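Work the whole structure out from these sequences, hints included.
Its first residue numbered 1340, the sequence shown is counted upward by one per residue in our numbering.
Be a bit skeptical, because a hint or two may be false.
Think about it this way: if two alpha-carbon atoms lie no more than 25 Å apart in a straight line, the pair counts; the simulated DMTMM-like pairs of lysine to aspartate or glutamate are [what the hints assert, rightly or not]:
(1) 1545 <-> 1617
(2) 1562 <-> 1617
(3) 1384 <-> 1440
(4) 1545 <-> 1504
(5) 1384 <-> 1467
(6) 1545 <-> 1514
(7) 1562 <-> 1607
(8) 1545 <-> 1438
FYI, nobody ran anything at the bench for these hints, they're computed from the structure.
These figures come from a predicted structure and were not determined experimentally.
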Amino acid sequence: QRRESISAEACTEGESTFRCPAAYGTGSLSIGTLVHLVPQVLDLKVDLSSASRFPDVDELFLLGTAPSFPVFAYGNPSLGVERAWGITTTLGLRSPWVELEISGFGQLIDDYIYFAPQFNDSGNPAYEVTIRGTWPGYAYSPINAAFYGVDGEVHFWPEGPIGLDIQGAVIRAQDRATADHLVGIPPDQLVVSLVGRPPDRGPLTKTELRLEAEFTDQQRWVKPEQDIAPAPSGYILLGASLETTLDLKIPIRIGIDGTNLLNTSYRDYTSLLRYYAEQPGWDLRIRVGTSF
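Right, dumping it as structure tokens:
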């Protein structure tokens, strides 16, 4: 009420809290078709969909920051229902030596709940000063947006002793009123994995060794004046994993995963922490699991 974003009449005061009720009407609809262009080999799927999402509590009333949330965020109690209208087309190919699935999608979103940096009248980033420090301002606002892109994966020799997996994604998001690209949308990414599947040995079954290279491009579409800091440079991360099953009375799945093995210095564009620090270095994890 002090910042005049919600009226006193909209809330009821209790002993120590306020209740600010709201009602939203949402719905979803999906219609699709699957065409077997070449039975058992080549499929085409088309999906038309509409979906709605009402704002969550943080988007409505958040006002402040946190150690793991390094911006000063302003909720917007006037947010309404976000409504999306989209089409997705997917082509799938299956054969003994290659499996492929690639999708193209387009989506129009009315009143998209956009979380983005705030700027003052001079066009400079707006900051909020508190007793804990100075924080860049971020706010939720409704815009009409368009999302479109392509993603997919291909697996060469999916059942062979050696295989090659490739995954990639390209996504674009724009404000339909200004054609400006939106802040916080993931940059283009490609992941290439060399896979080894040695034969079973004794109790060790379904063993898989994977060497992985992740290529992430710089986010080149957002104008520099729309963000608090320039988009970080692209990077390449190398990783490896080993997974096997101990075929005992109760099978046990054991895995070792290593990421960023070369200790590459990089910043993740989709993380708000990129304004302050680099991402963690190399990471090694051991996992054990079973089903019962």
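For each hint given before, does the structure comply? Return the numbers of the non-compliant ones in rising order. Numbers 1, 5 and 6, in rising order.
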